[in-house]
Amino acid sequence: MSVKQISVFLENKPGELNALTGVLADHNIDMRAMSLSETNEFGIARIIVDRPLDTATLLKDAGYVCTVTSVLAVDIPHVPGGLNQVLNILSDAEINLEYGYAFLGGRKDSAYMVFRVADNAAATAVLRSKGIRVAEEGELESL
Amino acid sequence: MERYYQPEIETMPRDQLRALQDERLVKQVRHVWDNVPYYRAKMEEKGVTPDDIKGVADLHKLPFVTKADLRDAYPYGLMGKPKSECVRIHSTSGTTGKRVMAFYTQHDVDLWEDCCARALTAAGATKEDVCQVAYGYGLFTGGAGLHGGSHKVGCLTIPISSGNTERQIGFMQDLSSTILCCTPSYAAYLGETMKEMGLGPDDIPLKAGIFGAEAWSEEMRQDIQKTLGIKAYDIYGLTELSGPGVSFECSAQQGMHINEDHFIAEIIDPDTGEVLPDGSKGELVFTSLTKEAFPLLRYRTRDICQLNYEPCSCGRTHVRMAKPMGRSDDMLIIRGVNVFPSQIETVLLNNGYAANYQIIVDRVNHTDTLEVRVEMTPEMFTDNLGEIDKRQKQLVDGLRSMLGLSAKVKLVAPKSIVRSEGKAVRIIDNRKI
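Order-wise, the sequence lines are chains A and B. Here the numbering used here is used: position 107 in the first sequence is 107, and no number is missing along the way. Here the numbering used here is used: position 157 in the second sequence is 157, and no number is missing along the way.
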C-alpha cells in the first residue's frame, strides 16, 4: 500500500522553504515528514502531511507548482541491520529506488523509511511476503 | 599623413558627392522598378514612379523596406538580378523566418571589398602589412568582407577565421601580423589570453585592429588598445546592405564615415517615418546606390543613431555616424548574433513551457552572456529531478539550434517573473556599453 506525498517546486534562494512552511502553518497542516533535494538553482521539497489532498489544493491556490506522488512507507525496526534487511529484499527483487528518506513517526521501536519505486504494488507484495510491514493508506495521516 | 584607398572619392567635395548620389539614385530606382516586382508594387501602392525621383531630395517619396519585407519576399523576392548573374550569398545567423539572405553579383562583391579596403587603409594598412582576419568565415559577412578588402589593399592575408585562440596568438608571433580583424569581444579575449600566457603588447608586432559586428564602448576600446598595444577602429555594416564597410572609423576615431558614394543615410522618426533634420537622433535608414543583386531602397535598420556632417580632421568628406545607441525594435545583438525574443518564445512553446520568460543579457569579461528564465508550470513539473534536468537540457539544445548561441536556462517559481502593469518585462539588458 502506498501513501501520498506532495512534491513542491522551490527556487534555491533564501526564504523559499520558509514561505512554504508559512502556508502550511497558516492552514494548520501538520507535517509528518519532509525531505529536500536540490540542484544549483531549484529544489524539490517532498512532504507527507495529515491532509494531503487539502494541502495540494491550497498550495496550488497559493501559486505553487506541486504534484501528489504515491510512495511506499516501510516499517524499519530499531535494531542494527534493520534497514539492511529491507534493502536486501528489494535488491534481490531488482527493485530500483529513485529516492528515499527516513522519519521516526513518534514511535519508540521502529522508524519509517519512505521509498519512491516504479511499481508500489509489486514492491509492497515482495516486502509483505518476507514479513515486512508496509504502511497502510491513511496510516501516516492519522499518526 | 592620412592615407586613403580611393582618395578621389573619399575626399570628394560634398556638392560633387551629392551630384553623384543624385545620378546613381535615379539609375538605381529605375533598376529596382524594372527588376524587383515586390518593390515596384510598394511604389505603385504609394503612387510613386521612377519619374518622380530626380535626386536625393526626392528620396523621402519612396516607400521603406523593413525586415518584414525581407521575410515576405524570402528568399528571392527582392533580388534585382537573375540567379545566373549572382555569384554569392551571405546570411545572418538565426534559423527562423528572421534569417536575412543577401545576394551579390561579382560587381557587388567588388564594390563591397572596396569599402572594406577603405576601412583597412584608414586604419593604416598598406601592402606591407600582414592582416589576420579572425572574423568567422562562411555565411557571416565578417570574414569574407575583410578578407576581400585585405586582398585589395595588398596585405598578406591570413584567413584564420575565428576561434583557437592560442593558435591565433602563435600566428601573430610567427608571421608578425600587423593588422587584426575580428569582433571587439574576441579582441579583448585575445588580449586576456595573451596576459595569461605571460605575453604583453611588446611581444606582438600588431599595430591596428578593425573590430565590428557588435556594440562596444569607448572604455572597451581603451582596454583593447592597451592590452594589444594597437589602435582599435570601429567598422559598421549589415548583411542586408553588403556587410562590414558600410561605414568605418578613420584616425580621428570620432564616428564612422559612411561610404556615401554607395549608400545614402537618412535619420527618421521610428514612429512616424518622417525624415528628421540633420544632427537629430533617430532610426538609421539606408538606400544602396550601387548594389545590383540586392538593391534595397530606404531600408530601415532599426538602429538608433545620429549623423555628423561636420568636416573631419582626416580629410574625408563623407558623413560620419555615431555608434548606434540602441534599437527601435526588440532585437538584441548578443555576441554578434541577432536575437529576437520571439525566437526564444517559439523554442519555449515547442518544448512544452509556457511563454512566461525573461531574457537577461549581461557582459562578463567582455563577452555577452544570455540567460533565459523560465517559469515552472504544473505541466512541466515532475517529482523526478533527473527528468526536470533532462527537459532543461532539451531546452538549452533547442535554444542553441534556434539562435546559434548557448544560453543558460534558469527555472524559476511560477509568477515570479516581474510583471509591470500586467505586462511582463521580457528583456533585462545589464550590459554597460
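I should point out that these hints are in silico values taken from the structure, not numbers from a laboratory. Computed from a predicted structure; not experimentally measured. Check the hints yourself; a few may be wrong.
Said to hold, decoys possible - DSS-like cross-link-like pairs, simulated, lysine-lysine; straight-line CA separation at most 25 Å:
1) B:61 - A:60
2) B:231 - B:207
3) A:13 - A:130
4) A:60 - B:42
5) B:61 - A:13
6) A:13 - B:415
7) B:67 - B:42
8) B:27 - B:61
9) A:60 - A:130
10) B:83 - B:54
11) A:13 - B:410
12) B:46 - B:81
13) B:408 - A:13
14) B:27 - A:13
Results of checking the hints against the structure:
no., hint, result
1, B:61 - A:60, "58 Å, violated"
2, B:231 - B:207, "6 Å, holds"
3, A:13 - A:130, "44 Å, violated"
4, A:60 - B:42, "53 Å, violated"
5, B:61 - A:13, "57 Å, violated"
6, A:13 - B:415, "16 Å, holds"
7, B:67 - B:42, "15 Å, holds"
8, B:27 - B:61, "16 Å, holds"
9, A:60 - A:130, "40 Å, violated"
10, B:83 - B:54, "30 Å, violated"
11, A:13 - B:410, "13 Å, holds"
12, B:46 - B:81, "24 Å, holds"
13, B:408 - A:13, "18 Å, holds"
14, B:27 - A:13, "64 Å, violated"
Hint violations for this structure: numbers 1, 3, 4, 5, 9, 10, 14, all remaining hints satisfied.
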